[in-house]
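Using the sequences plus the hints, can you model the full thing?
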Amino acid sequence: GHLESAAGIAGLIKAVLVMQRGVIPKHLHFNDPNPSLDWNELPLQVTSSMMELPARDGRPRLAGVNSFGISGTNAHIVVEEYPTAETAPYARHRVVGSGQTVTVSPPAASVDAPQPEQAYRERETRLLPLSAKTGPALRDLAGRYLSWLDEQAAEFPGEDELPEPLLSDTAWTAGVGRSHFDCRAGLVFASAGQLRERLAALAETDLAATSRAAEKIAFAYTGQGSQWAGMGRDLYEREPVARAVFDRCERVFLEERGTSLLDVMFGRTGEGQLGDTAWEQPALYTLECALTALWSSIGVRPDVVLGHSVGEIAAAQAAGVFGLEDGMRFACTRGTLLSETETGAMAAVFASPAQVASAVEAVNAESADPGVNISADNGLHQVVSGPVADVEALSARLESEGVRVRRLNTTRAFHSALVEPALDALQASLDRVTIQPADVTVVSNLTGQAVEDGQLLDGAYWRRHAREPVAFARGARTLADLGVDLILEIGPRSVLAPMAASAWPERAPAPAVLASIRPASADEPPGTGSFAEAVAEAYQAGLPVRFEGLFAGETRRRISVPGYAFQHERYWLRTPKRRRSAEGHPLLGLQRESASGEITYETELFPSDPEWLNDHRVFERVIAPGALYGTMAAALSFARTGGQVAVEDMQLHNALVFPEEDGGDASEAAGRKVQLVLGGSGDESPDLVRILSKAPNEAEWTLHIECRVPSGATAPGAVQRVDLEGLKSALSPVDAATLYRARAATGIDLGPSFRTLGNVWARPGEALGEVSLPDGFGRNPLDIHPLVLDGCFQVVAAARIQGSAEDEATYLPFGWERLWLTTGSLPERVICHVRMSASPGESNAEAGGPAEVLSGELRVYDTDGVLVGGLDGYTVKRATRAALFSALEGVNDLLYEVAWREQPLVPAIIAADFLPNPATVAHGFMPLADYLEEEGVTRANRTALLSDLERWSRTRALWALETLGWQRSAGEAVESEDLRQQ
Numbered sequence: 001g002h003l004e005s006a007a008g009i010a011g012l013i014k015a016v017l018v019m020q021r022g023v024i025p026k027h028l029h030f031n032d033p034n035p036s037l038d039w040n041e042l043p044l045q046v047t048s049s050m051m052e053l054p055a056r057d058g059r060p061r062l063a064g065v066n067s068f069g070i071s072g073t074n075a076h077i078v079v080e081e082y083p084t085a086e087t088a089p090y091a092r093h094r095v096v097g098s099g100q101t102v103t104v105s106p107p108a109a110s111v112d113a114p115q116p117e118q119a120y121r122e123r124e125t126r127l128l129p130l131s132a133k134t135g136p137a138l139r140d141l142a143g144r145y146l147s148w149l150d151e152q153a154a155e156f157p158g159e160d161e162l163p164e165p166l167l168s169d170t171a172w173t174a175g176v177g178r179s180h181f182d183c184r185a186g187l188v189f190a191s192a193g194q195l196r197e198r199l200a201a202l203a204e205t206d207l208a209a210t211s212r213a214a215e216k217i218a219f220a221y222t223g224q225g226s227q228w229a230g231m232g233r234d235l236y237e238r239e240p241v242a243r244a245v246f247d248r249c250e251r252v253f254l255e256e257r258g259t260s261l262l263d264v265m266f267g268r269t270g271e272g273q274l275g276d277t278a279w280e281q282p283a284l285y286t287l288e289c290a291l292t293a294l295w296s297s298i299g300v301r302p303d304v305v306l307g308h309s310v311g312e313i314a315a316a317q318a319a320g321v322f323g324l325e326d327g328m329r330f331a332c333t334r335g336t337l338l339s340e341t342e343t344g345a346m347a348a349v350f351a352s353p354a355q356v357a358s359a360v361e362a363v364n365a366e367s368a369d370p371g372v373n374i375s376a377d378n379g380l381h382q383v384v385s386g387p388v389a390d391v392e393a394l395s396a397r398l399e400s401e402g403v404r405v406r407r408l409n410t411t412r413a414f415h416s417a418l419v420e421p422a423l424d425a426l427q428a429s430l431d432r433v434t435i436q437p438a439d440v441t442v443v444s445n446l447t448g449q450a451v452e453d454g455q456l457l458d459g460a461y462w463r464r465h466a467r468e469p470v471a472f473a474r475g476a477r478t479l480a481d482l483g484v485d486l487i488l489e490i491g492p493r494s495v496l497a498p499m500a501a502s503a504w505p506e507r508a509p510a511p512a513v514l515a516s517i518r519p520a521s522a523d524e525p526p527g528t529g530s531f532a533e534a535v536a537e538a539y540q541a542g543l544p545v546r547f548e549g550l551f552a553g554e555t556r557r558r559i560s561v562p563g564y565a566f567q568h569e570r571y572w573l574r575t576p577k578r579r580r581s582a583e584g585h586p587l588l589g590l591q592r593e594s595a596s597g598e599i600t601y602e603t604e605l606f607p608s609d610p611e612w613l614n615d616h617r618v619f620e621r622v623i624a625p626g627a628l629y630g631t632m633a634a635a636l637s638f639a640r641t642g643g644q645v646a647v648e649d650m651q652l653h654n655a656l657v658f659p660e661e662d663g664g665d666a667s668e669a670a671g672r673k674v675q676l677v678l679g680g681s682g683d684e685s686p687d688l689v690r691i692l693s694k695a696p697n698e699a700e701w702t703l704h705i706e707c708r709v710p711s712g713a714t715a716p717g718a719v720q721r722v723d724l725e726g727l728k729s730a731l732s733p734v735d736a737a738t739l740y741r742a743r744a745a746t747g748i749d750l751g752p753s754f755r756t757l758g759n760v761w762a763r764p765g766e767a768l769g770e771v772s773l774p775d776g777f778g779r780n781p782l783d784i785h786p787l788v789l790d791g792c793f794q795v796v797a798a799a800r801i802q803g804s805a806e807d808e809a810t811y812l813p814f815g816w817e818r819l820w821l822t823t824g825s826l827p828e829r830v831i832c833h834v835r836m837s838a839s840p841g842e843s844n845a846e847a848g849g850p851a852e853v854l855s856g857e858l859r860v861y862d863t864d865g866v867l868v869g870g871l872d873g874y875t876v877k878r879a880t881r882a883a884l885f886s887a888l889e890g891v892n893d894l895l896y897e898v899a900w901r902e903q904p905l906v907p908a909i910i911a912a913d914f915l916p917n918p919a920t921v922a923h924g925f926m927p928l929a930d931y932l933e934e935e936g937v938t939r940a941n942r943t944a945l946l947s948d949l950e951r952w953s954r955t956r957a958l959w960a961l962e963t964l965g966w967q968r969s970a971g972e973a974v975e976s977e978d979l980r981q982q
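Quick note on my numbering: the sequence shown kicks off at 1 and runs consecutively.
Note that these hints are calculated values from the structure, not bench results. Just to be clear, a hint being listed does not mean it is correct.
[Stated by the list, open to error] Below 25 Å or equal to it, Euclidean Cα-Cα: the simulated DMTMM-like pairs (lysine to aspartate or glutamate) are:
#1 K133 <-> E122
#2 K728 <-> E766
#3 K133 <-> E204
#4 K877 <-> E660
#5 K673 <-> D723
#6 K673 <-> D948
#7 K673 <-> E698
#8 K673 <-> E593
Just so it is clear, the structure is predicted and the values come from calculations on it, not from any experiment.
Right under this line is the structure:
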């Protein structure tokens with residue numbers, strides 16, 4: 001058939017399935033081709049049986065879709081097969097993309113790198129980035145990946161591990177094929193088993209906080225003393241971007257020294273020692289520039305850079321002050337010059353700058369040597385340097401004062417007078433280097449402040465930099481002033497983090513501090529301290545990571561991995577539905593008069609209009625209260641008489657129940673059109689009142705109540721007054737809140753609007769309660785408000801015998817003999833006195849069970865004790881969920897389900913000869929039709945009977961299930977198989 005606006009959808013689905021499965025199904029209902037066509041000459045074929053999709057000599061196969069809607073919607077689609085490499089080491093259906101060789105835009109530091117002579121080793125660890133918008137969703141996503149891994153393992157029976165390409169493609173797809181939300185987890189793994197362990201731990205972790213992306217990132221470059229043998233070797237062997245930087249620096253070092261720096265760095269056989277300043281400084285520069293390039297390749301770049309001593313050279317290169325090779329030559333020269341200075345010593349002193357300065361001054365006053373200098377203010381400690389004897393004297397002096405002093409492992413006194421012989425050559429080494437203004441904010445070691453715009457970090461700057469103390473603590477405070485909220489340490493290990501934390505001002509939020517790499521001990525699992533682990537921490541800290549950089553040089557495929565773990569929570573903005581018109585009476589609506597003499601009032605009701613209606617719930621559904629019908633009839637009575645009010649012989653037939661909430665906007669279908677009809681045609685009483693309602697999707701009206709509103713209403717003529725205090729004295733106080741909790745336990749949940757009871761006094765069979773219209777309703781336009789009348793009905797619950805079987809039963813208003821008011825209005829604050837009838841009424845068939853019907857008399861007084869109205873023969877009836885909702889639509893959903901069952905393909909259209917023909921059916925029905933006609937049963941009678949039978953069947957089915965112990969609740973999804981097993 002024609003799908004109109006959806007033309008092409010079915011064809012597209014079929015074409016995609018054909019491509020995926022590689023087979024073309026039989027054309028439905030096709031048997032014999034048209035003999036008028038020469039099929040042998042036509043380049044087409046209609047499939048009469050399932051066949052394989054033909055190949056196209058290695059080219060991707062194509063499918064065409066042409067669909068036409070009769071109203072003019074045409075769809076023309078060409079679908080091309082997505083090629084998949086035959087070498088994929090896992091099932092074809094897992095692949096959703098062809099192999100892609102990953103290239104990244106190399107940072108400036110790695111441009112023009114030569115092709116590597118040594119092949120790259122496979123990356124040992126992978127990073128699986130998972131994210132969600134909430135903690136529970138992230139936990140569920142981890143659980144999905146666990147189940148998914150089990151599914152993959154089932155495809156490789158007998159193997160202990162999943163293929164490495166599958167795990168790598170999983171990490172690739174999760175990184176580049178998924179959006180990344182604020183709640184994150186980065187799982188570093190080297191095997192499927194390790195990944196399972198970390199997924200299982202994540203699935204059990206309470207993740208409430210989300211990762212806030214850093215607004216300003218600082219790269220902090222470590223100085224001497226952080227090196228370790230083998231640093232950077234793993235990066236060189238596995239990361240193309242890092243290797244490019246290593247190789248370029250190695251070429252410069254070979255030009256300068258004629259020997260290999262990398263052999264010394266990586267712990268191979270080499271001529272130098274990594275602890276020697278001549279080797280250490282260029283090694284740190286090389287590693288730090290490689291790490292900077294590596295972070296840049298995954299999209300993480302600094303807003304501010306800060307170095308510590310020699311670390312500032314790599315920081316300046318990252319800021320564009322000089323090129324990679326120029327910086328490397330300077331690092332080599334600086335290291336060589338400083339290694340040739342006079343032997344000295346350095347020590348870390350854990351005391352305040354003032355105390356250290358005082359001790360230095362005292363020692364220098366007694367020394368003939370150049371003396372001791374404060375070489376660095378690191379916040380946690382101060383560093384002093386100078387001749388060995390002077391440093392030892394200073395250390396002894398401070399230790400005698402109880403100050404902790406730690407001797408540093410170096411034979412040179414950096415940032416002291418001992419380096420001055422090397423300064424001229426150091427400055428001259430930059431004479432031929434082109435120095436550029438920094439394009440990233442640089443926090444200087446000299447001042448601890450940001451370098452001013454236009455200032456050049458030339459030879460004169462670096463001369464002072466080598467001699468003067470390192471103002472690191474002041475630099476950390478400058479980072480705080482600049483708004484830095486994440487510090488990424490660029491170096492062999494984390495050294496600067498504790499120093500930055502100690503110097504960070506209390507007025508500023510503490511920054512997150514991450515390390516790029518660190519040495520791992522032998523007993524730690526693979527990946528510990530790796531760059532992948534640092535990226536995982538950066539990802540969890542909210543940094544925008546470009547995961548392509550972690551796969552540079554590889555060929556990876558996107559595969560089908562678990563999708564987002566939606567929590568299926570609703571966030572609809574509730575828009576209360578309002579009645580279309582405020583014309584007419586606030587409750588009755590507009591008046592109309594029919595030709596048959598009936599007077600009709602019509603209005604609309606929604607769960608949210610009137611606004612208080614939503615606060616009246618029975619068995620978790622919004623239901624119109626019985627007081628609403630009473631006040632509508634009373635308003636009609638007052639309109640007829642203009643004085644006293646009477647509503648007689650009230651009987652409720654069906655509850656007015658609104659549809660269950662689905663979390664969306666209140667729609668037209670949620671409301672009901674309500675009519676109050678006075679009088680009727682024929683022999684019906686002119687005082688008869690009926691209230692009916694109908695939903696927009698219903699064909700028939702539902703009758704809710706019938707009553708009489710006599711035109712000559714009378715009430716007690718003389719003013720009657722009672723002694724309210726005397727009534728109270730015979731009763732005991734009752735907590736209204738306790739009453740409401742008890743009613744909620746029986747299924748009647750009254751919201752704030754309906755909590756109209758104030759002080760209540762009661763004893764078995766009698767109660768007195770204060771009823772008042774809640775605050776917030778403003779000026780009340782109704783002469784008789786349903787909330788006030790409903791409050792009077794609530795006093796009946798207090799009059800029931802406490803502790804009886806009726807306490808746990810649900811009772812709803814059923815009717816009354818007569819409601820009367822002395823005037824046409826009911827005050828907003830009244831006192832209601834209730835006396836229950838001595839007989840409980842119709843009792844339950846089961847001995848000791850709650851009564852089916854309770855009745856009593858109500859008298860309503862104003863606050864002065866003057867009688868203003870009453871109810872005679874007021875009756876409540878026990879209600880159950882099944883009885884209340886049995887006639888509502890939707891019960892079929894509890895009894896039946898829609899199920900799609902696979903059927904075998906039928907080779908041809910089956911003749912329907914097993915069905916009787918219409919003539920046979922008509923002939924068989926005639927005897928029954930004649931009988932019904934003789935008995936006077938009309939077509940309308942038969943239709944009504946079928947409707948009644950359907951309702952009866954539903955009620956009986958629900959009753960049977962509840963008798964067997966089934967307990968229903970609104971909104972519960974019922975599985976037929978689970979119900980059968982119960």
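Verification of the hints:
1. K133 <-> E122: 33 Å, violated
2. K728 <-> E766: Satisfied, since the Cα-Cα distance of roughly 11 Å is no more than 25 Å.
3. K133 <-> E204: Roughly 17 Å separates the two Cα atoms, so the pair holds.
4. K877 <-> E660: Distance ~24 Å between K877 and E660 Cα, so the pair holds.
5. K673 <-> D723: 44 Å, violated
6. K673 <-> D948: Satisfied, since the Cα-Cα distance of roughly 23 Å is no more than 25 Å.
7. K673 <-> E698: Since the Cα atoms of K673 and E698 sit roughly 11 Å apart, the hinted pair holds (cutoff 25 Å).
8. K673 <-> E593: OK: K673 and E593 at ~17 Å, within 25 Å.
Hint compliance for this structure: hints 1 and 5 are not met, and every other hint is.
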